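> Next come the chains, spelled out residue by residue.
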Amino acid sequence: MNVLVGLVGSDESIKTLEQTIDRTRDVGDDLTVATVEKPEAKRSQEEMAQEAEKLLSEADIDAEMVALEGDPGSALVDYAEQGEFDQLVIGGGTLSPMGKIQLGPITEFVLLNAPTTVKLVR
Amino acid sequence: MAGARQYPDETAGPFPSPPTSFEDRDGRTIEVRASDDFEDTLEDVVEMYVQFDPTDRAQGIPPTGDERIRNWLETIADESVNVVARHGEDVVAHAMLVPDTSDPSTIEDNAEIEWELAIFVLQDYQRAGIGTQLMEYLLGHAIGIGIERVWLTVERWNNPAIALYERVGFESTGTESFEQEMAIRLGDDSTVENGNEN
Chain P
1 MNVLVGLVGS DESIKTLEQT IDRTRDVGDD LTVATVEKPE AKRSQEEMAQ EAEKLLSEAD
61 IDAEMVALEG DPGSALVDYA EQGEFDQLVI GGGTLSPMGK IQLGPITEFV LLNAPTTVKL
121 VR
Chain Z
1 MAGARQYPDE TAGPFPSPPT SFEDRDGRTI EVRASDDFED TLEDVVEMYV QFDPTDRAQG
61 IPPTGDERIR NWLETIADES VNVVARHGED VVAHAMLVPD TSDPSTIEDN AEIEWELAIF
121 VLQDYQRAGI GTQLMEYLLG HAIGIGIERV WLTVERWNNP AIALYERVGF ESTGTESFEQ
181 EMAIRLGDDS TVENGNEN
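Residue numbers (UniProt numbering), protein chains in the order written: chain P, 1 to 122; chain Z, 1 to 198.
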């Protein structure tokens, strides 16, 4: 399967990538890792890309890296649509102090607009 | 993110403080009480959530099954603020505030923390006015212990819940995706009658 994983720079992004790497190794998927521009994120786009490359090399996984510009949700969906991807993987929400699952606007945009199957990582 | 949340400039209220007892729209006598030591009421609240119809869960809570319900409540029990409504011995509704901080044990001033609110009413007791009352008494109790900022999220399509929150003074903040975020500001001037510590 040809998989695109989108990372915004949060801790959730790290978890999403780690799980995707495990799955890639198990089933031999083709993996593309896209970082997006989200200025308020914990890590800058560049820092996120560096951490991703480190995790990929530690796991000995070859993946294509791409840095997307512009609105994160729109850029991811557009990139997924232009490529030959079977699945778009993104973080599946954060938990509030109460334990409520919260999905942000990027997730909502991707779910409502992506032509591919979307996987939310919890 | 915490800190970026927008609160109304004006305080809401006034709100009454628990305990109280009232008759609901179906003529049942309902008692509302703040639970100072949540450990004491935990078992009865677990029992309520075991009875709770999961079609009414919101954003993953309450979880289902005795074990997961217990884990969820025990995780938030220590630092949360709880008000319960009982019909006879049974807990029929539960409202709570959970501090939005990574280290609840260091809270010195409740006013400095933002508190997340949730309320659940057992299906057989819905549409009887209990939710509105419980909400008002929770907010009255919150004022008594110095809480000033309360927020919540609600599924955007849950109009009855949004109407209830607006009725007591919550306002929508800018943040909106599948969930609508709402916030309310409380203060000393929003307490009513039988005062309290303040």
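Rather than coming from a laboratory, the hints here were simulated on the basis of the structure.
As the structure is a prediction and not an experimental result, all values here were calculated from the model.
Ideal Cβ placement from N, Cα and C applies to all residues, glycine included.
Hints are supplied without guarantee of correctness; some may be wrong.
Claimed, not checked - Pulled a few chain P residues facing chain Z out of the computed Cβ check, cut under 10 angstroms:
id : residue
1  : Phe85
2  : Gly99
3  : Gln102
4  : Leu111
5  : Pro115
To be verified - Computed far set for chain P versus chain Z, every beta-carbon distance over 12 angstroms:
id : residue
6  : Glu40
7  : Glu47
8  : Asp62
9  : Tyr79
10 : Thr107
11 : Glu108
To be verified - Distance condition first, Cα-Cα at most 20 angstroms in a straight line; then the derived SDA-like pairs of lysine to any residue:
id : chain 1 : residue 1 : chain 2 : residue 2
12 : P       : Lys119    : Z       : Phe178
13 : P       : Lys119    : P       : Arg25
14 : P       : Lys119    : Z       : Asp100
15 : P       : Lys15     : P       : Gly83
16 : P       : Lys54     : P       : Glu18
17 : P       : Lys42     : Z       : Thr175
18 : P       : Lys54     : P       : Thr32
19 : P       : Lys15     : P       : Ser44
20 : P       : Lys15     : P       : Lys54
21 : P       : Lys42     : P       : Arg25
22 : P       : Lys54     : P       : Leu103
23 : P       : Lys119    : P       : Asp29
24 : P       : Lys42     : Z       : Arg5
25 : P       : Lys15     : P       : Leu56
26 : P       : Lys119    : Z       : Thr175
27 : P       : Lys15     : P       : Pro115
28 : P       : Lys119    : Z       : Gly60
29 : P       : Lys54     : P       : Asp71
30 : P       : Lys54     : P       : Arg25
31 : P       : Lys42     : P       : Asp86
32 : P       : Lys15     : P       : Arg25
33 : P       : Lys42     : Z       : Gln59
34 : P       : Lys42     : P       : Glu53
35 : P       : Lys15     : P       : Asp29
36 : P       : Lys42     : Z       : Glu39
37 : P       : Lys42     : Z       : Thr29
38 : P       : Lys42     : Z       : Gly60
39 : P       : Lys119    : P       : Asp30
40 : P       : Lys15     : P       : Gln82
> Decide, hint by hint, whether the structure agrees.
Each hint tested on the structure:
Nearest Cβ of chain Z to the Cβ of phenylalanine 85/P: about 23 angstroms, over the 10 angstroms cut. The hint is violated. With a cut of 10 angstroms, the hint placing glycine 99/P at the interface with chain Z holds, because the nearest CB-to-CB distance is about 5 angstroms. The restraint placing glutamine 102/P at the interface with chain Z holds, with a minimum CB-CB distance near 6 angstroms, inside the 10 angstroms limit. For leucine 111/P, the shortest C-beta to C-beta distance to chain Z is roughly 9 angstroms, which falls under 10 angstroms, so the interface hint holds.
For proline 115/P, the suggested interface contact is broken, since its CB lies about 20 angstroms from the closest CB of chain Z, more than 10 angstroms. A cut-off of 12 angstroms between C-beta atoms contradicts the statement that glutamate 40/P is not in contact with chain Z; the least separation is 7 angstroms. Distance check for glutamate 47/P against chain Z: the nearest CB is about 18 angstroms away, which clears 12 angstroms, and the non-interface claim stands. Every beta carbon of chain Z lies more than 12 angstroms from that of aspartate 62/P, the smallest distance being close to 34 angstroms; the non-interface claim holds.
With a least beta-carbon separation of about 21 angstroms from chain Z, tyrosine 79/P lies farther than 12 angstroms from that chain, consistent with its non-interface assignment. At roughly 7 angstroms from the closest C-beta of chain Z, the C-beta of threonine 107/P falls inside 12 angstroms, breaking its exclusion from the interface. Annotated as non-interface, glutamate 108/P brings its C-beta within 12 angstroms of a C-beta of chain Z; the closest such distance is 4 angstroms. With a C-alpha separation of about 17 angstroms, the suggested pairing of lysine 119/P with phenylalanine 178/Z holds against the 20 angstroms cut-off.
Pair hint lysine 119/P plus arginine 25/P holds up; C-alpha atoms about 17 angstroms apart against a cutoff of 20 angstroms. Distance check on the hinted pair: lysine 119/P and aspartate 100/Z sit about 28 angstroms apart at the alpha-carbon level, beyond 20 angstroms; violated. A hinted pair counts as satisfied when its Cα atoms are at most 20 angstroms apart, and lysine 15/P with glycine 83/P does not qualify at roughly 24 angstroms. Between the alpha carbons of lysine 54/P and glutamate 18/P the distance comes to roughly 11 angstroms, so the proposed pair stays at or under 20 angstroms and holds.
The straight-line distance between the Cα atoms of lysine 42/P and threonine 175/Z is roughly 19 angstroms, inside the 20 angstroms bound, and the hint therefore holds. Distance check on the hinted pair: lysine 54/P and threonine 32/P sit about 15 angstroms apart at the alpha-carbon level, within 20 angstroms; holds. A C-alpha spacing of about 17 angstroms is found between lysine 15/P and serine 44/P, which places the hinted pair at or below 20 angstroms, so the restraint holds. Pair hint lysine 15/P plus lysine 54/P holds up; C-alpha atoms about 14 angstroms apart against a cutoff of 20 angstroms.
For the proposed pair lysine 42/P and arginine 25/P, the alpha carbon gap of about 27 angstroms is over 20 angstroms, so the pair is violated. Simply put, lysine 54/P and leucine 103/P have alpha-carbon atoms about 27 angstroms apart, too far for the 20 angstroms limit, and the pair is violated. This hinted pair checks out: lysine 119/P and aspartate 29/P have alpha carbons roughly 14 angstroms apart, not beyond 20 angstroms. A hinted pair counts as satisfied when its Cα atoms are at most 20 angstroms apart, and lysine 42/P with arginine 5/Z qualifies at roughly 17 angstroms.
Restraint check: the Cα-Cα separation between lysine 15/P and leucine 56/P comes to about 13 angstroms, which is no more than 20 angstroms; the hinted pair holds. For the hint linking lysine 119/P to threonine 175/Z, the alpha-carbon distance of about 24 angstroms lies beyond 20 angstroms, and the restraint is violated. Restraint check for lysine 15/P and proline 115/P: not satisfied, since their Cα atoms lie roughly 24 angstroms apart, outside the 20 angstroms limit. For the hint pairing lysine 119/P with glycine 60/Z, the CA-to-CA distance comes to about 18 angstroms; that is within 20 angstroms, so the pair holds.
Of the supplied pair hints, the one linking lysine 54/P and aspartate 71/P is violated, its CA atoms being roughly 25 angstroms apart against a limit of 20 angstroms. The hinted pair formed by lysine 54/P and arginine 25/P meets the criterion: a straight-line CA distance of about 16 angstroms does not exceed 20 angstroms. Among the hinted pairs, lysine 42/P with aspartate 86/P is inconsistent with the structure: their alpha-carbon atoms are about 29 angstroms apart, more than 20 angstroms. Taken as a hint, the lysine 15/P and arginine 25/P pair is honoured in the structure, with Cα atoms around 16 angstroms apart against an allowance of 20 angstroms.
For the hint pairing lysine 42/P with glutamine 59/Z, the CA-to-CA distance comes to about 24 angstroms; that exceeds 20 angstroms, so the pair is violated. For the hint pairing lysine 42/P with glutamate 53/P, the CA-to-CA distance comes to about 17 angstroms; that is within 20 angstroms, so the pair holds. For the hint pairing lysine 15/P with aspartate 29/P, the CA-to-CA distance comes to about 18 angstroms; that is within 20 angstroms, so the pair holds. This hinted pair does not check out: lysine 42/P and glutamate 39/Z have alpha carbons roughly 37 angstroms apart, beyond 20 angstroms.
Distance restraint check for lysine 42/P and threonine 29/Z: the Cα-Cα separation of roughly 51 angstroms exceeds the 20 angstroms cut-off, and the hinted pair is therefore not satisfied. For the hint linking lysine 42/P to glycine 60/Z, the alpha-carbon distance of about 25 angstroms lies beyond 20 angstroms, and the restraint is violated. Taking the CA atoms of lysine 119/P and aspartate 30/P, the gap is about 15 angstroms. The hint holds against a cut of 20 angstroms. The straight-line distance between the Cα atoms of lysine 15/P and glutamine 82/P is roughly 26 angstroms, outside the 20 angstroms bound, and the hint therefore fails.
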